[in-house]
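Asker: Now for the letters of each chain:
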Amino acid sequence: MSPVTKSTAMKNMIEKGQISNRTSERVLMCGNEALGEAAIIAGCDAYFGYPITPQNEVTAYMSRRMPEEGRVFIQSESELAAINMVFGASATGKRAMTSSSSPGISLMQEGISYLAGAELPAVVVNVMRGGPGLGNIAPSQGDYFQATRGGGHGDYRTIVLGPSSVQELVDCMPLAFDLADQYRMTVVVLADGILGQMMEPIVLDKKSGRLTAENAEDKEKKLKLNSANSAVKALSRKMPPKDWALTGAKYRPQNIIRSLWLDEGVLEKLNYKLQAKYEQVQKNEVLCEEYEVDDAEIVVVAYGVAARIVRGAVNKAREEGIKAGWIRPITLWPFPTEQISKAADEFRIFLTVEMSNGQMVEDVKLAVAGKVPVLFYGRPAGGVPTVDEILDKIRQLSIPAKS
Amino acid sequence: MEAVFTRTPTFKDCPTHYCPGCGHGIAHRLIAETIDELGIRDRTIGIAPVGCSVLAYNYLDVDMIEVAHGRAPAVATGMKRTNPDKIIFSYQGDGDLAAIGTAEIIHAAHRAEQITVIFINNAVFGMTGGQMAPTTVLGQVTATTQQGREATDQGYPLQISELLAVLPGAIYVERCALSGPAQVRKAKKAIKHAFELQVSDAQGLSLVEVLSPCPTYWRMTPAKAMEWIEKEMTKVFPLGRLKD
Numbered sequence: 184m185s186p187v188t189k190s191t192a193m194k195n196m197i198e199k200g201q202i203s204n205r206t207s208e209r210v211l212m213c214g215n216e217a218l219g220e221a222a223i224i225a226g227c228d229a230y231f232g233y234p235i236t237p238q239n240e241v242t243a244y245m246s247r248r249m250p251e252e253g254r255v256f257i258q259s260e261s262e263l264a265a266i267n268m269v270f271g272a273s274a275t276g277k278r279a280m281t282s283s284s285s286p287g288i289s290l291m292q293e294g295i296s297y298l299a300g301a302e303l304p305a306v307v308v309n310v311m312r313g314g315p316g317l318g319n320i321a322p323s324q325g326d327y328f329q330a331t332r333g334g335g336h337g338d339y340r341t342i343v344l345g346p347s348s349v350q351e352l353v354d355c356m357p358l359a360f361d362l363a364d365q366y367r368m369t370v371v372v373l374a375d376g377i378l379g380q381m382m383e384p385i386v387l388d389k390k391s392g393r394l395t396a397e398n399a400e401d402k403e404k405k406l407k408l409n410s411a412n413s414a415v416k417a418l419s420r421k422m423p424p425k426d427w428a429l430t431g432a433k434y435r436p437q438n439i440i441r442s443l444w445l446d447e448g449v450l451e452k453l454n455y456k457l458q459a460k461y462e463q464v465q466k467n468e469v470l471c472e473e474y475e476v477d478d479a480e481i482v483v484v485a486y487g488v489a490a491r492i493v494r495g496a497v498n499k500a501r502e503e504g505i506k507a508g509w510i511r512p513i514t515l516w517p518f519p520t521e522q523i524s525k526a527a528d529e530f531r532i533f534l535t536v537e538m539s540n541g542q543m544v545e546d547v548k549l550a551v552a553g554k555v556p557v558l559f560y561g562r563p564a565g566g567v568p569t570v571d572e573i574l575d576k577i578r579q580l581s582i583p584a585k586s
Numbered sequence: 003m004e005a006v007f008t009r010t011p012t013f014k015d016c017p018t019h020y021c022p023g024c025g026h027g028i029a030h031r032l033i034a035e036t037i038d039e040l041g042i043r044d045r046t047i048g049i050a051p052v053g054c055s056v057l058a059y060n061y062l063d064v065d066m067i068e069v070a071h072g073r074a075p076a077v078a079t080g081m082k083r084t085n086p087d088k089i090i091f092s093y094q095g096d097g098d099l100a101a102i103g104t105a106e107i108i109h110a111a112h113r114a115e116q117i118t119v120i121f122i123n124n125a126v127f128g129m130t131g132g133q134m135a136p137t138t139v140l141g142q143v144t145a146t147t148q149q150g151r152e153a154t155d156q157g158y159p160l161q162i163s164e165l166l167a168v169l170p171g172a173i174y175v176e177r178c179a180l181s182g183p184a185q186v187r188k189a190k191k192a193i194k195h196a197f198e199l200q201v202s203d204a205q206g207l208s209l210v211e212v213l214s215p216c217p218t219y220w221r222m223t224p225a226k227a228m229e230w231i232e233k234e235m236t237k238v239f240p241l242g243r244l245k246d
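Taken in order, these protein sequences are the chains called A and B. Sequential numbering from 184 applies to the first sequence in the numbering used here. Sequential numbering from 3 applies to the second sequence in the numbering used here.
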């Protein structure tokens, strides 16, 4: 079924009131369109984007749906422009997002650094493809370093969410907007070509929308319900007022949003302030999922789509009597360092599986801190590890563990 | 005694960091006067560029933001589309708008964004030490054209206003100068007209190019710099309304 047909079907359902009359609806959607609809439900005021495969369905979907909702859609002249449009809309207090794929995200790094300096909220979706360079349009996890370390200049952080199903991608969107507003940070939703293109049944919570103190509790329940298979949770967040926003200096002194601080010591102070904020994020916002870790001799760490393949391999290993389990980071930054460190207190072997040549494995090693061995298996630039490949690895590792 | 001239409220009462004879102070005042005369201070958002005038928010008492070099028209787009009732202007130099930011200005005009752009052309990069700008005139000595700009090596001065005027989305383009009281009065009229168009919800981008002196990096006295605008700059950048 072509994306166009899917959109039309969805549109018809909305027009006929088959969806909007209910608070939630189970529908079949591809990840790219689903994340767009989820952003709309989350109260996204403006979407700015530039075409790039494999995320073109987002742009096409938003071009139709945003005007329908009376909101803003612009196809920008470049990713540089798109992220700066986000910067502008966000500066006025609006919820703004962009989406792209790896090479486009590289172009946005300048803007993301400025967003960090100016402490502006933003949501950036990266539907990763193979790299470096133009690479290919196959799914990849090669942008983990860029997303979690920050490809832009300066001492800053972005929150990074790594969903592994279309439902979780949908659940990540309101969470991303809330986190962005709460901490005045960029939140990167790190998906990949599989997640973007894959169709899965999802529950769209039509009433989730923007968090207020009143609906926070309600929403928390719903999100938990929707994400029964994941640990994605909505905390009862109280959004801080956007009194810093540029809205015209009416009945108040002028607001200035800036990232240039030339006076001696001022920028250093600002950086300490940012650091304190990042520490709060690390303390409060870690999300991860664990499976059969308690008695596991081999713990496989994977995120996103790779984690789904790992799940299959670990289940098969258990059937063979190998004590395997897995840990799946959902927030890639803040990284579940404590959870992994705790798991490394007992002797077990860690195996990190990624659709790259090994990026997250560095964070796993930092968390494990040399206590136990950390091994890696991955395939880069469009290579997708198979269940059998991972199972083979687990089998190899289980021999010394058993002896 | 009746006061015949007072500081306009939106122009803050403080010394500026600009060099003696710099044109930014005059241009700032013209914008501040326009904002006050149109009564739009409480719904105006200004965008400061990268360059000497990055600190424009220290002098203009409106909500303002600092943006990456050249990206102001994209930021303005994001602001205006989400806030159609606000008056959005960008203030950009020739390094900012005519070099690194050409894509953003051309496409903002191309999309007919309802924003106002004040484009300060002083034919050099000021803040970084007087390097060649795309607008540097032939023969002009700068930090990076020490023998004078040569067309064969560095190309020709870029006439941004002429480029933009051909786009249907640019509804008003005028080039003015700050080279004397008469020219300043004309520049004020142009700036006011550009803002008025946005206030009246005119469907497109308005841009005023302002030829502005940089005595420091032209290595001239302020008076000589004013003369140089009239004698040399206007040959390459003729004054007048290119489109309305």
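These are computed hints drawn from the structure, not numbers from a lab. Any given hint might turn out to be false.
[Stated by the list, open to error] Subject to a maximum C-alpha distance of 35 Å in a straight line, what follows is the list of computed DSBU-like cross-link-like pairs (lysine-lysine):
1) B:K237 with A:K433
2) B:K191 with B:K88
3) A:K452 with A:K506
4) A:K456 with B:K14
5) B:K245 with A:K433
6) A:K425 with B:K188
7) B:K233 with A:K433
8) B:K88 with A:K456
9) B:K233 with A:K460
10) B:K188 with B:K233
11) A:K452 with B:K14
12) A:K425 with B:K14
13) A:K433 with B:K226
14) A:K466 with A:K425
[Said to hold, decoys possible] Covered stretches of chain A (chain B as the covering partner; in silico rule of three or more C-beta atoms under 8 Å from a C-beta of chain B):
15) 225-237
16) 256-269
The structure displayed is predicted, hence computed values, not measured ones. All residues carry an ideal CB built from backbone N, CA and C; glycine is no exception.
Asker: For the pair supplied as a hint, A:K425 and B:K188, is the alpha-carbon distance within the 35 Å limit?
Answerer: The given pair, whose Cα atoms are some 40 Å apart, is violated under the 35 Å limit.
Asker: For the pair we were handed, B:K245 and A:K433, check the Cα-Cα distance against 35 Å.
Answerer: Status holds; Cα separation ~34 Å.
Asker: Holds or violated: A:K433 and B:K226, Cα atoms, limit 35 Å.
Answerer: The hint is violated at about 42 Å.
Asker: Regarding the pair A:K466 and A:K425, is the alpha-carbon distance no greater than 35 Å?
Answerer: 23 Å, holds
Asker: Can the restraint linking A:K456 and B:K14 be considered satisfied, given a maximum Cα separation of 35 Å?
Answerer: 29 Å, holds
Asker: Is B:K237 within 35 Å of A:K433, Cα to Cα?
Answerer: 44 Å, violated
Asker: Decide if the proposed pair is consistent with the structure: B:K188 and B:K233, CA atoms, cutoff 35 Å inclusive.
Answerer: Holds - the C-alpha atoms of B:K233 and B:K188 are around 18 Å apart, at most 35 Å.
Asker: What's the verdict on B:K88 and A:K456, does the C-alpha distance respect the 35 Å limit or exceed it?
Answerer: 31 Å, holds
Asker: Below or equal to 35 Å on CA atoms is what counts here, so check B:K233 against A:K433.
Answerer: Violated: B:K233 and A:K433 sit about 44 Å apart, past 35 Å.
Asker: Would the pair B:K233 and A:K460 pass a check requiring their Cα atoms to be no farther apart than 35 Å?
Answerer: 55 Å, violated
Asker: Sort out whether B:K14 lies within 35 Å of A:K425, counting only the CA atoms.
Answerer: 25 Å, holds
Asker: Check, residue by residue, whether the region 225-237 of chain A contains three or more positions whose beta-carbon lies closer than 8 Å to a beta-carbon of chain B, and give the verdict.
Answerer: holds (count 3)
Comparing the model with each earlier hint shows violations of hints 1, 3, 6, 7, 9, 13; every other hint is respected.
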